[in-house]
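Visitor: Listed below, chain by chain, are the residues.
There are 2 protein chains.
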Amino acid sequence: MRVLAFLDGTLADPDKAHIRIDDLGIVRGDGVFETILISNGRPRELGPHLDRLARSARLLDLPEPDRPAWERVVRTVIDNWQGSDEFALKLVMTRGIEGDPEGKPTTFAVGMEVDEKAKRARVEGIAAITLDRGIDCDLVDRAPWLLLGAKTLSYALNMAAVREAARRGASDVIFTANDGSVLEGPTSNVIIARGRTLYTPPPTIGILKGTTQGDVFRAAERAGWTTKVEPLRADELASADGLFLASSVRKVTRVHTLDGIVLPDATEIHTELARIYESQYE
Amino acid sequence: MRVLAFLDGTLADPDKAHIRIDDLGIVRGDGVFETILISNGRPRELGPHLDRLARSARLLDLPEPDRPAWERVVRTVIDNWQGSDEFALKLVMTRGIEGDPEGKPTTFAVGMEVDEKAKRARVEGIAAITLDRGIDCDLVDRAPWLLLGAKTLSYALNMAAVREAARRGASDVIFTANDGSVLEGPTSNVIIARGRTLYTPPPTIGILKGTTQGDVFRAAERAGWTTKVEPLRADELASADGLFLASSVRKVTRVHTLDGIVLPDATEIHTELARIYESQYE
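Going down the list, the protein sequences come from chains A and B.
FYI, the working numbering numbers position 129 of the first sequence as 196, with every residue one higher than the one before it.
FYI, the working numbering numbers position 18 of the second sequence as 85, with every residue one higher than the one before it.
Bound conformation, chain A alone (with noise of 0.2 Å):
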């Protein structure tokens, strides 16, 4: 079961083909997107979500996206969603086609159900390895042409970075800067539990803002957690109590392995966490 809109609100098969083969999407990875989860009809974090895409496309000198539009073509492909009662919601934002002088943008949403094997790490838990990211976490102040903390089109390293891991046994990466700091995953934020408190680093190093990872810690802290955002370092994630890696389709994944090396039991924490998150949308 697959729903695919245009911005525009058209309904369209998204077993056909609909992208030019100049698009700058296809040709240079030129855009921005989101993933968001639909539950049960509802929206997970949409506000939170169509904020990151406002800034990403900020970062990218992308046209404003046109808010009240993206609101409607969530809710267009939820009206006309007849599979599963959770499913992840794609929105793609181009730069449009190459040498197009009114420069507008190709813009769909794009309804999919949740993999097999997203709902398996959510229960199951994941092996993950941290990988070097190569840069200096004042960089995305530096060099903001790097688009560092823009959720662009160009994932090519992000996926090769899942592949290396598979490579190596695991199927998730933590990315690491070049002092040791802890970054992202390549498509999920990094949570770590201490005690009664959750920690992820700031996206002020470069790195996205959470989406989930912001939704959790706001349950977390209703429900009387302490949560901090504060720079890690990759030496402290063995030694948590907990490391969890947050994103919209795969909610709060538990981390059992790292490097290789099997982490303390972190079960009690994850169902908690995952209890706390999940109850707000009950």
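Errors might be hidden in some of the hints.
The list cannot tell twin chains apart, which means a pair is met if one copy fits it or any two copies do.
[To be verified] Once the Cα atoms are required to be at most 27 Å apart in a straight line, the calculated DSSO-like pairs of lysine-lysine come out as: (1) Lys184 - Lys295; (2) Lys276 - Lys184; (3) Lys186 - Lys171; (4) Lys171 - Lys184; (5) Lys184 - Lys157; (6) Lys276 - Lys295; (7) Lys184 - Lys83; (8) Lys186 - Lys276; (9) Lys83 - Lys171; (10) Lys83 - Lys295; (11) Lys171 - Lys157; (12) Lys186 - Lys157; (13) Lys171 - Lys295; (14) Lys157 - Lys83.
In case anyone wonders, no lab produced these hints; they're calculated from the structure.
With chain A fixed as given, assemble chain B onto it according to the hints.
Guide: Structure of chain B alone, referenced to chain A:
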């Protein structure tokens, strides 16, 4: 005038949609490409371009490109071209449709007119700026998952760098590494002339091996120049006798202004190099 052909030799209308919204080329910038200059029905440096396509594919764990098929499709586009004597031919290979169990790449070749801006740049030269690429020169070996040295479809940052140049009144960029080494342009290689010697930085520092640069160097050697592939420092650029950006479409383009400073007049050197380069194809 444009000619589009898929790798199987089928011709198609480039103004129609041929790509699905779930092609990994668009949703992840996950694929590789080459741009080849065709002049008078003859592709320039086809062998090195196909070598580099294969190398990029290998770095991305894509299937080995079918070289005879690519050679045939290049010929198909050339045979169907009815535009200017000189045109740009882009080869694109994406990872194909997301979740496709066969993992069949999307592959096409498209011939396009060389844009007027590039033609003007060949004659008039350009202003460029140096921009921090935020990486170390040994990163390519240390972190192959970053895909440095692969020509991928994930070019959003390269395009952002060119927009930054425009904001600073220039039209192109020379990326520099953390140690002040000269890397490459977003879509070109850097060449400097000092006396009768041409210099370009080595691919081992994490940049693309230049096809046009290689061609220019071979032609220059035959004409009595010495050529050296060795690290260059950014502070050497302005003091060289000539600074050039080499790319298939723009050929050898003279940089007349760097970071706002007008460089010594290298018109004569440029004229000589352009003549040497071009004379191979006469």
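Visitor: Taking the earlier hints as the rules, which of them does this structure contradict?
Guide: Result: hints 1, 10 and 13 break, sorted rising.
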